[in-house]
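Quick mapping for you: the protein sequence lines, in order, are chains A and B.
With the first letter of the first sequence counted as 1, position 79 gets the number 78 in numbering that gives the first Met the number 0; the numbers rise by one all the way through.
With the first letter of the second sequence counted as 1, position 12 gets the number 11 in numbering that gives the first Met the number 0; the numbers rise by one all the way through.
Think of the hints as simulated: they come from the structure by calculation, not from any bench.
Fair warning: this is a prediction, and the values are worked out from it, not measured in the lab.
Don't be surprised by glycine CBs; every beta carbon is placed ideally from N, CA and C.
One should not assume that every hint holds.
[Stated by the list, open to error] Just so you have them, the derived chain A footprint on chain B, three or more residues with Cβ under 8 Å:
id	region
1	70 to 82
2	95 to 108
[As the list claims (entries may be wrong)] One side of the interface only, derived from the structure: several residues of chain A facing chain B at Cβ under 7 Å:
id	residue
3	Ala121
4	Thr128
5	Ser219
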Amino acid sequence: MDLLNLEVAQDYLGVLLQGLWITVALTLSVIVMSAVLAIPVALARMSPSRLIRLPVDAYVEVIRATPLLLQLTYIYYVLPSIGILLPGLACAVIGLTFNYTAYMSEVYRGGIKAVAQGQWLAAAALGMTESLAFRRIILPQAVRIVIPTLGNYFISLFKDTALCSVIGIQELMFKGTIISARSFQYFTIYTLTAILYFSVGYPAALFVRWLERISSQGYSRRKRA
Amino acid sequence: MIELSDIHKSFGPLEVLRGVSLTVGAGEVICIIGPSGSGKSTLLRCINHLEVPDRGAIRVAGEAVYYDLVDGVRRPHAKRRIAEVRATLGMVFQSFNLFPHLTALENIIEAPVHVRRMSKEAATAKALELMRRVGLEDKADYYPEEMSGGQQQRTAIARALAMDPTAMLFDEPTSALDPELVHEVLEVMRQLRDDGMTMIIVTHEMNFARQVANRVLFMDRGVIVEEDTPDRLLESPREPRTRAFLKNVLDR
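Looking at chain B on its own, in the form it has when it is part of the complex:
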């Protein structure tokens, strides 16, 4: 479904990703954990080209996306083609990034109407159905600033789902939330997993990772240090770095 091979990315002198390869199968749920600055968010952003890797290749559904490598030289795809691939990968941000000048409903129908040229009626019907799925059927006319963080994040998930993504990317979706609002967002994500959605989740929620992930990846200093089933990785990590990180997190 999604294949990353040997992804490198530097910001100036700082090497954020140092050769990351990862294959995610359809319907798989991958959780990525690791200390801040380990490159997890950058990796996620490379998948939908919000960051452009310096080296390496990305394939989605078997096809090279964003650029072709011709004799080692990178030939970027047309912007429109890149946008089309992005539209198939839903992204949920730590800070929600809802459009503040649009209501919840307008946020959700924006891309279906203006990117996919769906009729407003069809998009609205679909958006209302999605809002029901995330438990916000009564919030259609609310502006983001009128909603709690948890409601905003669920709206953001609905907005991403409105494009019928083949996979969903979550960048620390609960990190900006008050503790009592975390579970409502995790609940929606759990439901997505049950519906068979392919998901890559950068998270600090170890319990959630244990419950929903097929695989957990531990990243540190730009590489995947260890990957395993959640039980094995979280209970009996092999690598000392993983052990140190988990001890730190779980002791808190």
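Excised from the complex, chain A in its bound form:
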């Protein structure tokens, strides 16, 4: 077959794998940071104090109502004009984390609300302060509720990292675009790029499905005789 040039594929596989590595590293660091930062953001949005709630509400609404591509571009091209100059990779991590934290805070908020009210009462009756009750009783149950949803965000983040190619991050999409333009082997390179995305994305999706199954199983871990 003329379209798929295996020699070209072999030549450029190494470069594309470098890109894939950046993509994976970017995904993992952003998902971890977002999953942690989204918890205080969710709490702030549930705060009785307007002073705390309003700015955080504004942040989440701005993020949700504007395109991620614009957010990344903004951080990369506009911030330098007000004197904030960051390396490209930092812009990518910050932009994606900002975006995903906002969405995931909504997920946590739902999860926290979904924990039965009686759990707060029981914790309070045992002399726990609100913060202790949240940490020890509410959060572990909320996390379990939100895990399937967070898993889906994890998959979509993996694909969204491709947007970072527009701000010069040398991740998989960027590499694919550069190489195919240079070699004119569009079919081969983009196909290979797609295969590489799929080879990570599909197992990740299977992993998320497994997590979903585990988290729906309830709390009885062991089968007893």
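Starting from the known structure of chain A, fit chain B onto it as the hints suggest.
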């Protein structure tokens, strides 16, 4: 031991408590009966501040708790101080409210370890002893969802006892149970009474109230209508409202 004076509480336009006063002595067992919506559960929740009364004062062991009244103005205590008082009043809920992500044993040691800073070993030893007392020594590693309602409620009682409460508050502890599981929970409560525990029990179990209570209170529409020894109140109530309620309940 516990003194409530002139407690009022409204939810919006609904007056749930309309001036309730009650004194419970150490070692006393009080049963509160009455139709649903009469304010019994709200009253119980005021005692450990899960509900904040609109008016009135609460004293535990002679001391004003949760807030001070200074010239008629209420000054709430610090949250930590409130939590400390709560920890001395064990509460058992109708729906158990065990922590589903923790095993029975972990449920029981949670507060001793994280609120009282007890060592895990000491808390575990104590928890196992309590589990034996409520007849669940073989269920330490079970999660709540793996246990029957009666077992869950006995675990909840053990969890409350692990904080060495000076009194226990029971909010319809057997109402969510299948009939055949009721007696195992009542048995544990009877044993607590025999050990001298101060208890305030909101219940629909008239026979149990008759057997264990020193005093029975009948509440209706936010006030204590009548209080007396169980025999007198349940056999020959003076108030027509009490009579009507008992007739209703006993005819069922």
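Residues of the region 95 to 108 of chain B with Cβ under 8 Å from chain A, three needed, outcome: Three-residue rule met by the region 95 to 108 of chain B, so holds; n is 5.
Minimum beta-carbon distance criterion (7 Å), Ser219 of chain A to chain B: 5 Å, holds
Status of the hint placing Thr128 of chain A at chain B (closest C-beta pair under 7 Å): 5 Å, holds
Restraint check, 7 Å cut-off on beta carbons, for Ala121 of chain A near chain B: 4 Å, holds
Verdict on chain A covering the region 70 to 82 of chain B, criterion of 3 CB contacts below 8 Å: holds (count 3)
In the structure shown, no violation is registered for any of the earlier numbered hints.
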